[in-house]
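Chains as they are written, first to last, in this note's numbering: chain A, 1 to 249; chain B, 250 to 856.
Rather than coming from a laboratory, the hints here were simulated on the basis of the structure. Even glycine gets a Cβ: it sits at the ideal position worked out from N, Cα and C. Hints may contain errors.
Calculated lysine-lysine pairs in the BS3-like style (CA-CA distance at most 27 Å, straight line) [stated by the list, open to error]:
1) A:Lys222 to B:Lys392
2) B:Lys532 to A:Lys101
3) B:Lys449 to A:Lys101
4) A:Lys222 to B:Lys535
5) A:Lys101 to B:Lys836
6) A:Lys149 to B:Lys380
7) B:Lys827 to B:Lys812
8) B:Lys836 to B:Lys303
9) A:Lys222 to B:Lys406
One-sided and incomplete, this derived list gives chain A residues near chain B with beta-carbon spacing under 10 Å [stated by the list, open to error]:
10) Thr144
11) Leu146
12) Gly192
13) Leu225
14) Phe229
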Amino acid sequence: MEGKEKKMPDLFPKETTRRGFLRGTAVAAGSAVAMVTVGGLAAKTAHAQAASPAPKKELMKYLFAERENCTGCRGCEYACSVYHTGIVRPSVSRIHVMKYKDSIDVPIICWHCNDAPCVAACPTTPKSIIADPNHNGIILNEKTCLGRKCLKCQEACPAQFVWANPDTGQPLMCDMCGGDPACVKACKDQSGDPQGPCLVANKLGFGVNLAFRGVTPDQAGKDLLDLTFYPNVDGKRPTPAKTKKTRRS
Amino acid sequence: MTTPKGGCFGKVLEIDLSKHTYKAREVPDEIYQKAIGGNGLGAYFMTTEYKAHKDPLAEDAFIYVGPGPLNGTFCVSTRTSFANMSPYTGLISHAEAGAHFGNEIKWAGWDGIYIKGKSKKPVWLSIVDDKVEFRDATKIWGKDTEETHEAIMKEMKDPYARTAVIGQAGENQVPFACVIVERFRAAARSGTGMVMGNKKLKGIAVRGTQAVPVVDNMKFMDMANYAKKVAIDRECWQGVKRWGTAGLLELKNFVDGSLVTKNYQTTWYPDIVKIGAEVANRKFWKRHVACNHCPIHCLKLGVIRDGKYRGLIAEGPEYESGGLLGSNLGMTDFNAMIALIEACDAYGIDNISTGGVLGFTTELVERGILKPADLDGLKPKWGDGDTYLELIRKMAYKEGNAGKLLSKGVKKMAAEIGKGSELYAVHVKGKELAAHDPRGDKARAYSYALGSCGGDHHEGASTRALVIFAMINSLCTCSFASALIWGGENAKITVGMLNPLCGWNMTEDDYWTTGKRILTMERVFNVREGISRKDDTLPIRMRTEKLPAGPKKGNIFTEEDTKKMQDEFYSFLGWDAKGIPTDATLKAYGLEYAIDDIAAARKEYNL
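Modelling step: build the complete structure from the supplied sequences, incorporating the hints.
Here is the structure:
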């Protein structure tokens, strides 16, 4: 997919994209992989850098999902796939929004664990995935990754975040878009009164990311369902049987 | 014949339920340019493949489930269209539903699903990319839409699959049964549920991993981003974001004077404050849910917190469901109204027609035309939720006298009952009106009277809007987030996205021509079934009874209003005074194939 896309469209208002992106490319300059992935836009933005040096902006290192704010619009999936491949294709999006029991939307993100179990599980030498020291994004080396027959990283991820690319079989890793995640911006754009944004990027993880990562999507969905629909009705949740009966009565 | 370059794949999934086979049916780019997709493509198939007086439940009658070219791309909020010949009205019909179902069809690599044939055993369809399976639905036959959805999702073993299913009403051949998409969205008003039930097709589940090809991605993204930005920024739509369409309940009662009340008798219902958006917000709503890529998230989910329905998770009220199953039935108990809405969703029966039928029945009982003995001893009265719930159940199962009678719809009920009940039957072309009273909201009459489906609120509230809505329903965009919100820029934005997406050279004039062509195609179908100017009117009640109260007190829809509306519309589309497309018009729109059909219809109906 990357080979086909010579040009990358601007997804967001120009200044934001370029500023954020320059930071990303400057950091990733040493990494050939990142340059391949985002080559088109990097070349394009190089001019902008020469013309007007962007003010310094700190790189984000962690993602956080305020799960109860998710409306299930999948703007993040759209933004992620457009950022990485140029067109909308949720099956290669890193981030995903899962419907749980028809009524709850669960955003599934990479928590960017400090100990990165996915990287630890990678069997190749040198590692095919590395956590970037500057923005914590997981960078995939497509040349050395064993792809479909391995996917040890997928097994190792406690948050069940990692999907395999349906074309290549290689894992889809969150690279933090080089420190300025596209999903966070898309979420902020889409949200508003009365629902605030769900996705947040942070410089610090506060350790919360490590605590959250153990929650599987299904557990998160179940928690949210209870939290959203049955919080304090005299402390009891009606049994499903009762719910069914009332409908048919 | 050329293959589409972008936006569409050029292949529609053709399913034959009789033989349990499927194949890819090629559709050339020219057809997409002519009919766009969704409802337009459905209308094209129907006018070219059906002869006049087709039986909508024949074995080779089909349902076209169609997303449009913009589905699955960066375009904000796209939906799904279900087009078929309605067994309820006998006319061309289409229904649109939100959620992610249409996009998933596109991502599976199909431009649409064309379903014909009849299965001997109940089946459901599993479509994963180009893999199609006919799965046994014997075990879920007879279950409601929620249970069906859950059973199918369990068998799909993929939480990212999307479903469209029918409930008991579709199975039992209620003519206004609907398709429930992803549990809470309804593609209703077209009788698609009945056709699916007749074909023994319980549901469809789709999952796709492909992408929609784009010809000029840079240009397309520029326009799609602009369109999204407009959708986010437009001030006037923030209310829908906050309150959903339920916010209109209070607005239409206190300001516009067009909230239907007690079988469309009046538009003044002060009790709306007990069942409107404000109460919903205080007592019921818990979540805002969006369709794909939509910043408006108008669907509100809630849970009933007290009383006998405590713990019931449901969707609503929307303006139409809260109007028809709320004020139109004189409901004052919010929870009972939500139970009615949820019952309709669960049985897979159209909220609007159900509300119309129940209101009509209640008025007839009140006037003594119907006796409780005709209704299995039930005596519906305004605001009586329990009786209404029981009647809805009877309708869905066609149980007893009441079920059999009510599931016919008001037009046939009035014909069967007689005794002057026609005066109170509020329908256009056999379909009940939605919740906007055309006496208070005169523009809405365009949609009801002139729209192709009859009695439908979603077909545009002016001559130009009718054309725009023909495009909306064919592109499967959302009338809130991805069409009307663009205001005067609608044609510009749509063309600006379609050209780089599909590699077309459409101009803004072509946008209007295409919309008119789609409307004319639908009209050709309806003319063949005997529709002409005489049918493009409002119900007797709207034309003879003045509004007794409310902000629009004394309003009536006069004959002059009707005439003005019809003349304006017919001349805009190039139809003659009888509302029939002329030969010159058909040629101008490239619909030469319909000239003979129209000539035959003129002869048959003496037009």
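ask   = Regarding the pair Lys827 of chain B and Lys812 of chain B, is the alpha-carbon distance no greater than 27 Å?
value = holds, 11 Å
task = Please work out if Lys449 of chain B and Lys101 of chain A have their alpha carbons no farther apart than 27 Å.
result = holds, 26 Å
request  = Tell me if Phe229 of chain A is really an interface residue toward chain B, meaning its C-beta lies closer than 10 Å to one of theirs.
outcome  = holds, 4 Å
message = Can you confirm whether the C-alpha distance between Lys222 of chain A and Lys392 of chain B stays at or below 27 Å?
response = holds, 24 Å
ask   = Hint check: is the beta carbon of Gly192 of chain A less than 10 Å from a beta carbon of chain B?
value = holds, 7 Å
task = For the pair we were handed, Lys222 of chain A and Lys406 of chain B, check the Cα-Cα distance against 27 Å.
result = Given pair Lys222 of chain A, Lys406 of chain B holds - Cα atoms ~17 Å apart, limit 27 Å.
query = Is the Cα-Cα distance between Lys101 of chain A and Lys836 of chain B 27 Å or less?
reply = Distance of about 51 Å is beyond 27 Å: violated.
request  = With a cut-off of 27 Å on the C-alpha distance, tell me whether Lys222 of chain A and Lys535 of chain B pass.
outcome  = Satisfied, since the Cα-Cα distance of roughly 15 Å is no more than 27 Å.
ask   = With a cut-off of 10 Å, does the beta carbon of Leu225 of chain A approach a beta carbon of chain B closely enough for the hint to hold?
value = holds, 9 Å
query = Does Lys380 of chain B lie within 27 Å of Lys149 of chain A when you go C-alpha to C-alpha?
reply = Between Lys149 of chain A and Lys380 of chain B the Cα gap is close to 23 Å, so the pair holds against 27 Å.
ask   = Minimum Cβ distance from Thr144 of chain A to chain B below 10 Å?
value = violated, 25 Å
Supplied contact hint for Leu146 of chain A, tested at 10 Å Cβ to chain B = Since chain B brings no Cβ nearer than about 21 Å to Leu146 of chain A, farther than 10 Å, the hint is violated.
Consistency note: the structure conflicts with the earlier hints numbered 5, 10, 11.
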